[in-house]
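Enquirer: Got chain V sorted already, so can you dock chain F with the ligands onto it with the hints?
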Amino acid sequence: MSSMSASPPVQLPSKPRDTFKIVVSTVFVVLFGWSAISVDIKWSRLLEAPADMYRLFKAMYSDIPWDELSRLIGLMWDSIAMAWIGTLIAAVFAIPLSFLAAENLVGRPIAWVTRQVFNVLRAVPEVILALLFVPMFGLSPMAGVLAIGVGSIGSLGKLFYEIIENIDSGPIEATDAVGASRLQRLRWGVIPQVAPELTSFLLYRFEINIRASSVLGVVGAGGIGGVLADTVRFKEYGVAGLALIVVIVGTIVVDTISGAIRHRIVAGRTIDIGEAQKYVVDTGGLS
Amino acid sequence: MIRFDKANVTYKGGVSAMKDLDLEIGDGEFVVIVGLSGAGKSTLIRAINGLVPLTSGGLNVNGHDVPNLNAKGRRELRSEVGMIFQGFNLVDRTTVLNNVLMGRLHQVPLWRTLIGKYPEEDIQIAAKALDRVEILDRAYVRATNLSGGQRQRVGIARALAQEPKIVLADEPVASLDPPTSHVVMKYLQQISRDLGITTIVNLHFLDLATAYADRIIGLRDGELVFDGPGSDADEQTFRDIYGRSLTADDTMAKQAAL
Ligand SMILES: Nc1ncnc2c1ncn2[C@@H]1O[C@H](COP(=O)(O)OP(=O)(O)O)[C@@H](O)[C@H]1O
Ligand SMILES: [Mg+2]
Chain V
1 MSSMSASPPV QLPSKPRDTF KIVVSTVFVV LFGWSAISVD IKWSRLLEAP
51 ADMYRLFKAM YSDIPWDELS RLIGLMWDSI AMAWIGTLIA AVFAIPLSFL
101 AAENLVGRPI AWVTRQVFNV LRAVPEVILA LLFVPMFGLS PMAGVLAIGV
151 GSIGSLGKLF YEIIENIDSG PIEATDAVGA SRLQRLRWGV IPQVAPELTS
201 FLLYRFEINI RASSVLGVVG AGGIGGVLAD TVRFKEYGVA GLALIVVIVG
251 TIVVDTISGA IRHRIVAGRT IDIGEAQKYV VDTGGLS
Chain F
288 MIRFDKANVT YKGGVSAMKD LDLEIGDGEF VVIVGLSGAG KSTLIRAING
338 LVPLTSGGLN VNGHDVPNLN AKGRRELRSE VGMIFQGFNL VDRTTVLNNV
388 LMGRLHQVPL WRTLIGKYPE EDIQIAAKAL DRVEILDRAY VRATNLSGGQ
438 RQRVGIARAL AQEPKIVLAD EPVASLDPPT SHVVMKYLQQ ISRDLGITTI
488 VNLHFLDLAT AYADRIIGLR DGELVFDGPG SDADEQTFRD IYGRSLTADD
538 TMAKQAAL
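Going down the list, the protein sequences come from chains V and F.
If you count the first sequence from 1, position 166 lands on 166 in my numbering, and the numbers rise without skipping.
So the number in my numbering is just where the residue sits in the second sequence, counting from 1, plus 287.
Bound-form chain V, shown alone:
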C-alpha cells in the first residue's frame, strides 16, 4: 500500500467528452420550451393555485359525509375487482402469446408477427378502449374489465417475452435430451424458470390497473371513478373528498399486500431442515 502511494503519479488519458449526454440534455430543454409555448399554458394561473386548492380542500373536508363511506368502499371494491379480473383476462392471452413472441422458442417470423400484435395493443390507451366498450356493454363494470384486459395484453406480453428470452438454455436442452415433447419442454424447461417473474409482473400490472380502473369510471365503465366525476360535476365536494380518500387508502392497502406477495414469490420460501442450514424450497405458484 505505502509503496503504491509513494510511487510517482501516473498520467491518465485525456477525459473523453460525453457528447451524447450534452445532446440529450439540449434536446430535453428545447422540447420542454417548445411544448410549453405550443400548448398555451396560463402560467400565471399557477400563482392562484394555492388559494384555489385551499378553497377546494375546505369544501371537501369541512363536513365529511360519513354515511356515504360504506357505499364508496363498495364502489372502490368494484374498481379493485375490475382491475383484478381484467389483469387475469390479460394474462390468459398474454402468457401463451408471449411464448410465441420469444425468439428462443419459436422462429423469428412468428416472434415478429406476435410482437406487432403486442405493439398495436400497447398503443391504445385503456380509456379509449373503455369509450369503445361502453356502447357495446352499457354503463357497466363489464366495459371496464374488458378495457383493462385488452389494454394489458400488450404490455404484459412484452414484459413476458423479454423474461422468457433471458432464460438459461441448459434446462431446455436437458428436456430435449430426455425425449420430451414440445409441450413438456415448455412445462418443465421454460415455465419453472419464468413462473416467479411472470407472477410478480402480473401483480405489478394489477397494481397499475387499479389506478386505471378508478379512472375508467369517469367514462361510465363502472367502479368508483363514476362517483368522483359526478360529485365534482354537481359540486358535491364533500362526497368527492371522501371518495378521494377511499381511492388513495384502498390503492395503498392493495399495493402493500401485492408488493409483499411479489417479494415473497421472487425470494422463495425458506425452511429449516434441521442441519443449521436454510434451504429455499419450491414456492409452488405456477411452477
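Worth flagging that the hints you see were computed from the coordinates, not collected in a lab.
Remember, it's a predicted structure, so these values are computed and weren't measured experimentally.
Glycine residues also receive a C-beta, built at the ideal position from the N, C-alpha and C atoms.
Keep in mind that a hint or two might mislead.
Label pairs and their calculated CB-CB ranges [to be verified]:
{"#": "1", "chain 1": "V", "residue 1": "Gly107", "chain 2": "F", "residue 2": "Ser343", "range": "24 to 30 Å"}
{"#": "2", "chain 1": "F", "residue 1": "Ile410", "chain 2": "V", "residue 2": "Ser70", "range": "47 to 53 Å"}
{"#": "3", "chain 1": "F", "residue 1": "Gly515", "chain 2": "V", "residue 2": "Ser7", "range": "54 to 60 Å"}
{"#": "4", "chain 1": "F", "residue 1": "Ser343", "chain 2": "V", "residue 2": "Arg108", "range": "26 to 32 Å"}
{"#": "5", "chain 1": "V", "residue 1": "Ala123", "chain 2": "F", "residue 2": "Ile410", "range": "44 to 50 Å"}
{"#": "6", "chain 1": "V", "residue 1": "Gly107", "chain 2": "F", "residue 2": "Asn295", "range": "25 to 31 Å"}
{"#": "7", "chain 1": "F", "residue 1": "Gly435", "chain 2": "V", "residue 2": "Ile110", "range": "34 to 40 Å"}
{"#": "8", "chain 1": "F", "residue 1": "Asp501", "chain 2": "V", "residue 2": "Gly259", "range": "54 to 60 Å"}
{"#": "9", "chain 1": "V", "residue 1": "Gly259", "chain 2": "F", "residue 2": "Thr534", "range": "53 to 59 Å"}
Expert: Coordinates of chain F with the ligands only, in the frame set by chain V:
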C-alpha cells in the same frame, strides 16, 4: 450397440467436426473420449442422441437408424439415452425430485406430466435413482441450494430415471474440483457395471481417463486417432492425440497441485 458408418458432421460455418468416422461401441462398455478442445468430442456424443445431425454417413443406436428418424422416433431414441452435462442443466427453481422426474417424461401420459402429477411407480423410480447417488434426503430441496457435486449427482439421477440403455456424459466433471470429480466418476462407473448401461464420457484430464476407462477413444480434428483399452494408452499415445507433449494442464493431479 452403437455403430457409426463413414459418419460426417460439417457445421454451418464449414467446420468439419466428424470425418468419416467408423466406430462400434458394444453394450455395457465404459468408453472415455479424449482430445483437445475442438477435437469433436461433444459432436460425437451429441450425434448419438440426435442433438447434432449427421451431414452424411450412417449411425445406428440400439436399432434406431438415427439419420432417418422422424420427430417421434427421435424422442423415442432420446428416451432410451440418458445425458449428463458439464453445466448440469438442472431446473434450479424446482425441486430435486421434479428434476429427476424429468427422466420419466417420455413414459408418463402427457396430461400427468403437464400438471406434475406423476404415477407412484414413476416417483419410486426417481427416488431409487436419487438413492443410488445417495442424495435422496434432498428430494424436496430446490436444486439451487446444492453444491456442484450434488447437482451433478442429481444430473446422473435424472439420466438414471430414464432407465436408459446408454448414458452420455459431456465433460461431466469439468466444473468440479478433483475430489468431487472422482466421486462423480465412481458413480458413473458403478452404474455402468451394476446396471450394464453403455456409458460414454468425454473427459479433458488424461489421468481420469486412464483411471476409469475400459476403452479410450482419441479424437483429433474430428478424426479417430486412437482406439484401445485404457492400459494400452501411454504418454506417446496421448502425444499423438494432443499433437504436442503433455503439460500440467492435461492431468488433474498435476493441475490440482499447481
Ligand atoms: N453449433 C456449432 N456450429 C458451428 N461450429 C460448431 C458448433 N459446435 C461445434 N462447432 C465446431 O466444431 C468443432 C468441434 O467442436 P466440439 O465437438 O464441441 O469439440 P470438443 O467437444 O471436443 O471441444 C469445433 O471447431 C467447434 O468450433
Ligand atoms: Mg465439448
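Enquirer: Each hint should be assessed against the structure and marked as holding or not.
Expert: Evaluated hints:
Between Gly107(V) and Ser343(F), the C-beta spacing of about 26 Å keeps the proposed range 24 to 30 Å intact. The given range of 47 to 53 Å is respected by Ile410(F) and Ser70(V), whose C-beta atoms sit roughly 52 Å from each other. The given range of 54 to 60 Å is respected by Gly515(F) and Ser7(V), whose C-beta atoms sit roughly 59 Å from each other. Take Ser343(F) and Arg108(V): their Cβ atoms lie about 28 Å apart, and the range 26 to 32 Å holds.
For Ala123(V) and Ile410(F), the hinted distance range of 44 to 50 Å is satisfied, since their beta carbons lie about 49 Å from each other. Between Gly107(V) and Asn295(F), the C-beta spacing of about 27 Å keeps the proposed range 25 to 31 Å intact. Range check, Gly435(F) to Ile110(V): about 37 Å between beta-carbon atoms, so the 34 to 40 Å window is met. The hinted range of 54 to 60 Å is satisfied by Asp501(F) and Gly259(V), whose Cβ atoms lie roughly 59 Å apart.
Between Gly259(V) and Thr534(F) the beta carbons are some 56 Å apart, a value that agrees with the proposed interval 53 to 59 Å.
Of the numbered hints stated above, none is contradicted by the structure.
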